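In numbering that gives the first Met the number 0, the protein residues as written are 0 to 174.
Worth flagging that the hints you see were computed from the coordinates, not collected in a lab.
Being a predicted model, the structure only gives us computed values, none of them experimental.
No more than 20 Å apart at the CA atoms, straight line, and that leaves these computed lysine-lysine pairs for PhoX-like:
| no. | residue 1 | residue 2 |
| --- | --- | --- |
| 1 | K120 | K146 |
| 2 | K146 | K115 |
| 3 | K146 | K165 |
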Amino acid sequence: MKIGAQTRWFGLIALLALVLWAARWVQEDRPSNEVAVAQAPARSTRAAPRAGEPQPKAADRVQLDRLRVHEPAAEDIEDAFAPRSWRKPAPPSKPAPPAPPPAPTAPPLPFTYMGKLFSEKGVAVFLTSGDRNLIVREGDTIDSIYKAEQIAGARLILIHLPTGTKQTLAIGALP
0 MKIGAQTRWF GLIALLALVL WAARWVQEDR PSNEVAVAQA PARSTRAAPR
50 AGEPQPKAAD RVQLDRLRVH EPAAEDIEDA FAPRSWRKPA PPSKPAPPAP
100 PPAPTAPPLP FTYMGKLFSE KGVAVFLTSG DRNLIVREGD TIDSIYKAEQ
150 IAGARLILIH LPTGTKQTLA IGALP
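Working from the sequences, and respecting the hints, build out all of it.
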C-alpha cells in the first residue's frame with residue numbers, strides 16, 4: 000500500500016496543527032502573570048521535650064558561635080596517592096665507621112743519578128739534588144730525610160725516614 004505525496008503532506012500539516020493546538024490549550028490553563036512558589040512547612044529546630052524529661056539548663060546549651068572550626072594544617076593533610084606498603088619500614092641502618100685516613104706517602108725522589116765508583120770500601124753512588132752533588136754509600140743518611148739502605152744491582156734503595164716508605168732509584172747495572 001503506497002501513500003501518495005499529497006496525502007502525506009496533508010497528514011503532516013494536520014499533525015502540526017494538532018500539536019500547536021495542544022500547546023496553546025496547556026498554556027491557557029495557567030495565568031501568565033502568576034508564579035507558583037512552594038514553601039516548606041515550618042519546623043521547630045528543637046524537638047519538643049517529652050514528658051518526664053528534665054528541661055535543659057542554659058549552661059548545658061552549646062554555644063555554636065564560640066566553637067572554632069578546625070582547619071587542618073598543611074602538614075596534617077596526607078597524600079592520598081602516595082605509594083603505600085604493608086611491610087614494616089626497615090630499621091635505620093647503623094652509619095658505617097669512618098674510613099681510616101690514607102697512609103702517608105713519600106714525595107718523589109729529588110735525586111738524579113750521575114754515576115758510581117767501585118772501591119775497597121764498597122760502591123759509592125754519585126747523585127745530584129738541585130745544585131748539590133752527593134756521594135752516597137750503604138747506610139749513609141741524606142739531610143736527615145733519606146737513608147741509603149742497599150745498593151744492589153741496578154738500583155739504590157732509599158728509605159724516606161718521616162714515613163718509613165722504601166723508594167728505589169735506578170742506577171745502572173753493576174759490572
